[in-house]
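Here UniProt numbering is used: the first residue of the sequence shown is 1, the next is one more, and so on.
Simulated from the structure, these hints should not be mistaken for laboratory data. A portion of the hints provided could be inaccurate.
[What the hints assert, rightly or not] Pairs of lysine-lysine, DSS-like flavour, derived with a Cα cap of 27 Å:
no.: 1; residue 1: Lys-50; residue 2: Lys-100
no.: 2; residue 1: Lys-34; residue 2: Lys-50
no.: 3; residue 1: Lys-19; residue 2: Lys-100
no.: 4; residue 1: Lys-19; residue 2: Lys-50
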Amino acid sequence: MRRTGNRFSVNAISAISTKGRMHFMVFTETFDAKVMCRFLVRFIGHFDRKIHLVVDGHSVRRSRAVRTWLADHADRIELHFLPSYSPELNPDELVNADLKRSLPTSSRARNQAQLAAETRRFFHRRQRQPHIVRGYFGGPHVRYTLEENHLSF
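The task is simple: from the sequences and hints, build the whole structure.
Put into structure tokens, the structure is as follows:
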């Protein structure tokens, strides 16, 4: 098969809950404060109560623009940061691993649009499979999230 050798990528951000819900956004631009705020606006729009979101310590999530946005929406959402360098504590890392395993290997995407479509297809499929999303919380390092959690979406 002929290939161009051109490299392309897409980015995705997701939020999962112990109840099996998943929210996501696929994008082609660099992950920055503007993208993070856009995701948060979409995310809180699905809820009528305050959301407590556990996130890793990515610098974008700690940026001034995101902190300002969060301060303006403190009644709708609050971020809780995982300890530094602890991906094993983040169940969303299992979503990323699942995505990479699930992308088709027999018919690779030939361009960025096809890759974005395959990535969205994966996330839509997982949204219809809450039992799999709940399974992301079954690993030994992330079971802490299963303790009596009334705040889960």
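Verification of the supplied hints:
Taken as a hint, the Lys-50 and Lys-100 pair is broken in the structure, with Cα atoms around 32 Å apart against an allowance of 27 Å. Annotation: proposed proximity of Lys-34 to Lys-50 holds, straight-line Cα distance about 21 Å (limit 27 Å). Only pairs whose Cα atoms come within 27 Å are accepted, and Lys-19 paired with Lys-100 is accepted, the gap being roughly 23 Å. Between Lys-19 and Lys-50 the CA atoms are separated by roughly 17 Å; this keeps the pair inside 27 Å, and the hint holds.
When each numbered hint is compared with the structure, a violation occurs for hint 1 only.
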